[in-house]
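Q: Chains as they are written, first to last, in my numbering: chain A, -18 to 403; chain B, 1156 to 1370.
FYI, nobody ran anything at the bench for these hints, they're computed from the structure. The beta-carbon is built from N, C-alpha and C at its ideal position, and this holds for glycine as well. Among the hints, erroneous ones may be present.
Unchecked claim - One side of the interface only, derived from the structure: several residues of chain B facing chain A at Cβ under 10 Å:
(1) Phe1307
(2) Gly1353
(3) Trp1357
(4) Gln1359
Stated by the list, open to error - Examples of chain B residues lying across from chain A (beta carbon under 8 Å, computed):
(5) Gly1330
(6) Tyr1332
(7) Ala1333
(8) Glu1337
(9) Leu1344
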Amino acid sequence: MSLKNKLHNLKEEYKGKKMAPAFNAIHTFLYAPNETTHSGSHVRGADDLKRTMNTVIMALIPVLLFSMFNAGYQHFAAIDAANGVVREVSVFGNFLTWENFWIGIIKVLPLVVVSYGVGLIVEFIFAVIKGHEVEEGYLVTGMLVPLIVPIDTPLWMLSIAVIFGVVIGKEVFGGTGMNILNPALTIRAFLFFAYPTWMSGDKVWVYDAVNLAGTPDAISGETILGYLAQNKAAEMTYSISDMFFGFIPGSVGETSTFLILLGGLFLIFSKIASWRIMLSAVLGALVMGLMFNGVVSSGWIGETSKFYGLMSFTFWKHLIVGGLAFGIVYMATDPVTGSQTNKGKWFYGFFIGFISVMIRVFNPAYPEGVFLAILLMNVFAPTIDHYVIRGNVKKRLKRLKNATILPNDSASKSEKLKAETV
Amino acid sequence: MGLLSKKDSGLILDPLADNNPITIQVLGICSALAITAELKASIVMAVSVMFVLGMGNVVISLMRNIIPSKIRIIVQLVVVAALVIIVDQVLKAFAYELSKTLSVFVGLIITNCIIMGRFEAFALANGPWRSFLDGIGNSLGYGLILIIIGFFRELLGSGTLLGFKVLGDPIAKTGLYALGYENNGFMLLSPMALIVVGIIIWVQRSRNPALVEEN
Chain A
-18 MSLKNKLHNL KEEYKGKKMA PAFNAIHTFL YAPNETTHSG SHVRGADDLK RTMNTVIMAL
42 IPVLLFSMFN AGYQHFAAID AANGVVREVS VFGNFLTWEN FWIGIIKVLP LVVVSYGVGL
102 IVEFIFAVIK GHEVEEGYLV TGMLVPLIVP IDTPLWMLSI AVIFGVVIGK EVFGGTGMNI
162 LNPALTIRAF LFFAYPTWMS GDKVWVYDAV NLAGTPDAIS GETILGYLAQ NKAAEMTYSI
222 SDMFFGFIPG SVGETSTFLI LLGGLFLIFS KIASWRIMLS AVLGALVMGL MFNGVVSSGW
282 IGETSKFYGL MSFTFWKHLI VGGLAFGIVY MATDPVTGSQ TNKGKWFYGF FIGFISVMIR
342 VFNPAYPEGV FLAILLMNVF APTIDHYVIR GNVKKRLKRL KNATILPNDS ASKSEKLKAE
402 TV
Chain B
1156 MGLLSKKDSG LILDPLADNN PITIQVLGIC SALAITAELK ASIVMAVSVM FVLGMGNVVI
1216 SLMRNIIPSK IRIIVQLVVV AALVIIVDQV LKAFAYELSK TLSVFVGLII TNCIIMGRFE
1276 AFALANGPWR SFLDGIGNSL GYGLILIIIG FFRELLGSGT LLGFKVLGDP IAKTGLYALG
1336 YENNGFMLLS PMALIVVGII IWVQRSRNPA LVEEN
């Protein structure tokens, strides 16, 4: 008997028991269920929730692999910088090395394991209590979470944040598909407000910088935005290609705009994510960046201002540093928490980009604001949709008013139409 | 209870659980979020509200037959304002630091919906003794929730209880802090207090499904 048949038999055995949802989750993760629809005729698409989630995870795998190498690379680059050694990045020379990958394995992999482990345990517990199937929603969240936290985040903090995010961000609203906030960003926001010293500053972005702080071997892990926020752009040695390809410090998976772009194109091509949201978010960020550049070039902000560094940052470079690209591609396009209407998506995306850059410049404690901007727009997404839909209804009612209705039984017909449109 | 009849003891006990002013009637949320970052402040707030509500209910109840109903809100406000000023002055005289922590929120007891709510709903229609019991009961229910929130917020947010370092010293790294534990700064922010209130409501309603409202 094959494994598949054995699992099917086990499923029959477990049917109706309390643990059934937990077992079914493992079972259908591996195989398609052996049931068919019994009644009625249904058209079934192949892209069910599980397939959708797996596609997003596929788009994240390159980012994850890159981040594992980058974890090691940034560590050794920071040590070189502390010793005054000039280091040039070369992909096969000092980037794709076992030495770097090993640091990725001991630092990044535990984040992934803890994120999935804790999150799925919470999901299983809720599925067993509520007696429904385990939902697939956590598959993507569990992969996103390790990619948006600093590398030195203690694992127990991550566990607490994951429990908080899954329970308060998702399960209290009724589980996957019912949440108003993106769970991964809820987890990030919880970490940010609960443990700010581990989420900001110039130490947490590079492996071991926290431990070595204060010793003779101290290394710096300042991000590009960190340099800019302190008006120290001159001390920064990163080139534009470093920023674009991701050889810079930052949250685990956010650095490589190039791979995020490829992932985004893959998601657009496979019609999983909305290109409208991505495009409009990029436009929003560019518009806000241009406005800030305009403020600087018109002389309203001098070099002594604390906003000078970030405001004078060339507008399009905002897209290739920090978490903006990652947030736009993988977070803003979340189909549950984003706008549903096409016109709404344009507004929703635009304001995400616009507000992200605005918070990035004006936030006094922390020069980044993508997660705050996306969470804010998550809250406003239903409102945007509401007005788009009302606008459409109004338009159609107007059309109805101007329409010439045939004289026969005109009264009843117009009433019927009205009922349908409203 | 020998001292109280069954009906009267219900006045004290009901607001503690199934008719709690915060978790069931959802009144007095504002102060429950604002001053519960420390357990001590929560307790003082609970006691202050108990004084104001207990005394106020008695006063209103005694006056209930002579208050013209058109101006009753103003009369109630005068009574509650007088009592709150007494509380405020006592705090300033005997616990100055604490009155600094509570800042405007002592004064804002005047606007606490629980107080006006009990005046309107109970004291205007019942005798002084029962009104007194109702005031004490409701302020106990309010104080109970305040103390639960304050307990968790102070313990998890500052690692202390009533100022004692129960989890160890975060700077000298003793106790739990030696293991790498850190205080949860989110607990000190008001939004987290709202989430704690939500969790209390969640726990209470899942233990007693009769409290869940129909949609």
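Q: Go through the numbered hints given earlier and state which of them the structure violates, listing their numbers in rising order.
A: 1, 4, 5, 6 and 7
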